[in-house]
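Visitor: Between the sequences and the hints, there should be enough to build the whole structure, so can you do that?
So in the numbering used here the end of the sequence shown lands on 270, straight run, no missing numbers.
A couple of the hints might just be wrong.
Unchecked claim - Simulated DEER-style distance windows between Cβ atoms:
#1 R154 - K212: 20 to 30 Å
#2 G150 - G214: 12 to 22 Å
#3 N190 - D234: 24 to 34 Å
#4 I232 - T130: 35 to 45 Å
As the list claims (entries may be wrong) - No more than 20 Å apart at the CA atoms, straight line, and that leaves these computed lysine to aspartate or glutamate pairs for DMTMM-like:
#5 K186 - E44
#6 K212 - D142
#7 K43 - E7
#8 K235 - E225
#9 K179 - E225
#10 K186 - D252
#11 K187 - E38
#12 K251 - D234
#13 K244 - D234
#14 K187 - E257
#15 K238 - E225
#16 K233 - D252
#17 K240 - E225
#18 K192 - D252
Quick caveat, the hints were computed from the structure, so don't treat them as lab data. Backbone N, C-alpha and C fix where the C-beta goes; we use that ideal spot for every residue, glycine too.
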Amino acid sequence: MPSTVIENNFRMDRLPHIWCPGCGHGILMRSIAVAIEELGLIKENVCIVSGIGCSSRASGYLNFNTLHTTHGRALPFATGVKFASPNMHVVVITGDGDCSAIGGNHLIHACRRNIDITAIVFNNNIYGMTGGQYSPTTNTNDLSTTSPYGNIDRPFDICELAIGAGATFVARATAYHAKQMIDYIKKGINHKGFSLIEGMSLCPTYYGRKNKKGSAVSLMNLLKENYLDVSIKDKLPKEKLENKSFYGVFKDSIMPEYTEEYEKILNKFK
1 MPSTVIENNF RMDRLPHIWC PGCGHGILMR SIAVAIEELG LIKENVCIVS
51 GIGCSSRASG YLNFNTLHTT HGRALPFATG VKFASPNMHV VVITGDGDCS
101 AIGGNHLIHA CRRNIDITAI VFNNNIYGMT GGQYSPTTNT NDLSTTSPYG
151 NIDRPFDICE LAIGAGATFV ARATAYHAKQ MIDYIKKGIN HKGFSLIEGM
201 SLCPTYYGRK NKKGSAVSLM NLLKENYLDV SIKDKLPKEK LENKSFYGVF
251 KDSIMPEYTE EYEKILNKFK
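Guide: Here it is as structure tokens:
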């Protein structure tokens with residue numbers, strides 16, 4: 001990582017971070033810092049908002065305006081920030097449980113409103129911070145502390161959920177595909193409207209250990225092997241697509257942005 005990214009964008013007195021060895025969250029946090037640096041954004045015009053969970057610790061390490069809020073409520077707090085300062089670049093860091101379980105209602109309405117917020121989901125398929133419970137993205141039959149005999153629920157696809165709810169920019173990368181993650185975050189921040197970028201992470205401590213997936217290196221290799229670029233999806237034979245997931249940009253469209261539409265209403269009464 002260039003030294004300027006570290007010096008400009010991290011609170012050095014709070015490092016090293018508390019994430020477990022091998023956790024993918026550090027890579028995803030770095031992607032955010034590099035994306036902001038490469039965009040050349042003015043630090044005072046960036047606000048990072050997070051909720052509660054492993055992912056949400058990231059706001060404490062990033063040297064911008066930051067807001068560490070309550071569980072599942074990062075998006076409504078971020079909505080308030082955006083309304084108060086419409087020119088602010090508002091970035092939400094959230095986890096799979098934080099945004100799709102307790103915060104799921106806030107997620108779908110932020111998508112539907114198309115408010116100009118960039119939500120970055122650190123998805124490690126489990127509640128890592130609070131004891132290894134299964135989350136809405138834990139795969140069927142996977143083990144966790146609350147599904148010791150296998151999870152019987154079907155998992156959410158957070159990108160499909162966001163598209164269905166009306167988000168106008170939706171993308172996914174992984175901790176392995178770090179360069180793509182940086183690129184998608186930059187596109188999401190530049191996008192006028194609600195953008196969601198899902199970053200598939202790895203949790204060797206709870207998810208990997210419980211499901212006998214091996215070391216952090218093994219989990220990283222699974223990301224490498226199991227995720228294909230969505231742009232080649234239609235070019236591959238069906239057998240090559242079995243048990244595969246995809247990274248890439250899934251939606252990029254233009255719709256009226258919420259704070260601008262609200263401002264139009266206010267202007268009628270001036």
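Visitor: Against each hint, give a clear statement of whether it holds in the structure.
Guide: Status of the hints after comparison with the structure:
no.	hint	in the structure
1	R154 - K212: 20 to 30 Å	22 Å, holds
2	G150 - G214: 12 to 22 Å	19 Å, holds
3	N190 - D234: 24 to 34 Å	27 Å, holds
4	I232 - T130: 35 to 45 Å	38 Å, holds
5	K186 - E44	17 Å, holds
6	K212 - D142	10 Å, holds
7	K43 - E7	12 Å, holds
8	K235 - E225	17 Å, holds
9	K179 - E225	16 Å, holds
10	K186 - D252	13 Å, holds
11	K187 - E38	11 Å, holds
12	K251 - D234	16 Å, holds
13	K244 - D234	13 Å, holds
14	K187 - E257	16 Å, holds
15	K238 - E225	16 Å, holds
16	K233 - D252	18 Å, holds
17	K240 - E225	11 Å, holds
18	K192 - D252	10 Å, holds
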